[in-house]
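S.K.: Fit chain B to the supplied structure of chain A, relying on the hints for placement.
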Amino acid sequence: GAVVSQHPSWVICKSGTSVKIECRSLDFQATTMFWYRQFPKQSLMLMATSNEGSKATYEQGVEKDKFLINHASLTLSTLTVTSAHPEDSSFYICSARARDRGRKTEAFFGQGTRLTVV
Amino acid sequence: ELKVEQNPLFLSMQEGKNYTIYCNYSTTSDRLYWYRQDPGKSLESLFVLLSNGAVKQEGRLMASLDTKARLSTLHITAAVHDLSATYFCAVDIVGSQGNLIFGKGTKLSVKP
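In order, the protein sequence lines correspond to chains A and B.
The first sequence: position 55 = 55 (the numbering used here), numbered continuously.
One gets the numbering used here by counting positions in the second sequence from 1 and adding 1000 to each.
With the rest of the complex left out, here is chain A:
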């Protein structure tokens, strides 16, 4: 299957600082990328959807000024957690999809990023 690379795999940061997470589709052009968050022992919850070249669409309850998403190219989306607090500590996973003759292709997931805010 296609490869989605997420970086870093884990990061520890101090409260109040910002952290950037990258999500790259390595062998296909991702027209849409998704950012999910997963708390311990819970399922994945969608945070936002981003389409290349346009503003991200955030799910209800997700602060767009805190979780900045940029999808500047068809192969790269970034999630920046601004002014991080301990409650932002979580596992963040990106997913990427393309379109083939108008149909959505299979969803591919990155390796995830474990964020710990101390």
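Keep in mind the hints are simulated off the structure, nothing from the lab.
One or more of the hints may lead you astray.
[Said to hold, decoys possible] Straight-line distance between alpha carbons at most 25 Å, and here's what the computed BS3-like set of lysine-lysine pairs gives: (1) A/Lys41 / B/Lys1107; (2) A/Lys41 / B/Lys1111; (3) B/Lys1041 / B/Lys1111; (4) B/Lys1068 / B/Lys1111; (5) A/Lys20 / B/Lys1041; (6) B/Lys1003 / B/Lys1107; (7) B/Lys1056 / B/Lys1017; (8) B/Lys1111 / B/Lys1017; (9) A/Lys41 / B/Lys1068; (10) B/Lys1017 / B/Lys1107; (11) B/Lys1056 / B/Lys1068; (12) B/Lys1017 / A/Lys14; (13) B/Lys1068 / B/Lys1104; (14) A/Lys66 / A/Lys41; (15) B/Lys1041 / A/Lys14; (16) B/Lys1104 / A/Lys41; (17) B/Lys1068 / B/Lys1003; (18) B/Lys1104 / B/Lys1017; (19) B/Lys1041 / B/Lys1104; (20) A/Lys55 / A/Lys66; (21) B/Lys1003 / B/Lys1104.
Since this is a predicted model, take the numbers as computed values, not measurements.
M.R.: Structure of chain B alone, referenced to chain A:
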């Protein structure tokens, strides 16, 4: 409201036994996925089911899809310890941008 319900949420099995995990969903879907997640890791794709009556098998795992009943099953045959993990089903909603709706996951523990 879109719902994807998985059961059971916890499953403790003995090696060699068989069991089935169920995934019910509440709206029309054009694709259903099964994933495995090991602790601290991301999702590993197991199966993608595209049409009614689809059945796929890989090793000791077999997945099926009944779109009329909006039900998918993941059947485990002769479980081994290496299958211990959390299993998620996820649904692709017709007409959506492509985000998946996940079930809560089934934590499987296979004991010797």
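S.K.: Report the numbers of all earlier hints that the structure fails to satisfy, in ascending order.
M.R.: Of the numbered hints given earlier, those the structure breaks are 4, 9, 12, listed in rising order.
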